[in-house]
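> Work the whole structure out from these sequences, hints included.
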Amino acid sequence: MKLLFVINQFYKGGAESSLLNLLKKLDKTKYDIDLLILNQYPAKNAVSLIKSVPSHIKVFDAYRNSRRHRVISKIKGKLFTTDEQRAECAPEAYGFVRGKEYDWAFHIGEWWNPKFLAIEVSAKHKAVWIHSDITRAVSFSEEEFFSYDDMIDKYIFVSKRSLESCMDKYSFIRRKSECIYNILDVENIIKLSAEPVEEDYFDTELPVLVTCANIRKEKNHQRQLNAMSILKRRGVDFVWVN
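Position 34 (the sequence shown) corresponds to 34 in my numbering; numbering is contiguous.
Errors might be hidden in some of the hints.
Computed cross-link-like contacts, PhoX-like style, restricted to lysine-lysine with a CA-CA straight-line distance of at most 20 Å [as the list claims (entries may be wrong)]:
(1) Lys124 - Lys100
(2) Lys2 - Lys28
(3) Lys28 - Lys51
(4) Lys154 - Lys169
(5) Lys28 - Lys58
(6) Lys25 - Lys44
(7) Lys100 - Lys30
(8) Lys115 - Lys154
(9) Lys2 - Lys100
(10) Lys30 - Lys124
(11) Lys44 - Lys2
(12) Lys191 - Lys12
(13) Lys154 - Lys124
(14) Lys12 - Lys25
Listed next, with one range per pair, are the computed distances between beta-carbon atoms [claimed, not checked]:
(15) Ser52 - Gly235: 38 to 48 Å
(16) Asp237 - Lys28: 40 to 50 Å
(17) Ser193 - Lys24: 16 to 26 Å
(18) Val186 - Met151: 30 to 40 Å
For the record, the hints were derived by calculation from the structure and aren't laboratory data. Don't be surprised by glycine CBs; every beta carbon is placed ideally from N, CA and C.
Dropping the structure here:
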């Protein structure tokens, strides 16, 4: 089975790390996998996950390839893409998928619309993978995001809460929405937890709880506050680091 995953950037983040964990778990004897990264332009202090992708997966960094072949890229861009397409991603991205047929193609991330997947990719089935509660996201544009709904077979959510809230607001996606939980790399988490940390707030006999995430409304961090409140009421003393 031939799979394609399309993502805008592949710097370390929640959705990106979840995708990486999934790629590591997929059986290479059963799946032929392409990972297309549309716009991996340099970002200060960002950590790229590209080198962590298993070697059997074909990774295509459209931005890097466009810079490597800048003159050729400009010629190809003028010949084979429109002004609107060139503004969205490098011409190499269109060349990478041209002539290919996938069994499943996945658009990763709700922070940009699935136009590329819907229009440019040829696949038997197409899915959009959503990693937050889009009904609460300030920057989410429903009109833009769902413009290609008739070309999408599945909407995948990583939690039942975000799935249900989205179906309540956008009833037209109810018949083709699924919940698939993110895969955790438990072994690596345990390994990292054993590494020494120098920060003073860890120099305590108390349990230390750490939150490492983007504190945004759609991430539903209110649940953490509720959980901490319950622990306090039960007499549990701890240090919470954000």
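> Within a Cα-Cα threshold of 20 Å, do Lys28 and Lys51 meet the stated pairing?
Holds, because 17 Å separates the two Cα atoms, which is no more than 20 Å.
> If you draw a straight line from the CA of Lys124 to the CA of Lys100, is it 20 Å or shorter?
holds, 11 Å
> Quickly compare the C-alpha distance for Lys12 and Lys25 to 20 Å and report which way the hint goes.
The given pair, whose Cα atoms are some 18 Å apart, holds under the 20 Å limit.
> With 30 to 40 Å as the target window, see if Val186 and Met151 comply at their CB atoms.
holds, 36 Å
> Please verify whether Lys2 and Lys28 have alpha carbons no more than 20 Å apart.
holds, 11 Å
> Would you mind confirming whether the straight-line C-alpha gap from Lys154 to Lys169 stays at or under 20 Å?
Holds, because 17 Å separates the two Cα atoms, which is no more than 20 Å.
> Could you grab the alpha-carbon distance between Lys28 and Lys58 and see if it respects the 20 Å cut-off?
Status holds; Cα separation ~12 Å.
> Starting from Lys115, check that the Cα of Lys154 is at most 20 Å away, please.
holds, 15 Å
> Is the Cα-Cα distance between Lys2 and Lys100 20 Å or less?
Measuring from Cα to Cα gives roughly 10 Å; hence the hint holds.
> So does Asp237 sit 40 to 50 Å from Lys28, Cβ to Cβ?
For Asp237 and Lys28 the Cβ distance comes to about 47 Å; the hint holds.
> Mind checking the alpha carbons of Lys154 and Lys124 for me, to see if they're no more than 20 Å apart?
holds, 12 Å
> Does the beta carbon distance between Ser193 and Lys24 stay inside 16 to 26 Å, or does it fall outside?
Taking Cβ atoms as reference, Ser193 and Lys24 lie about 19 Å apart, which means the hint holds.
In this structure, the hints that do not hold are numbers 6 and 11, in rising order.
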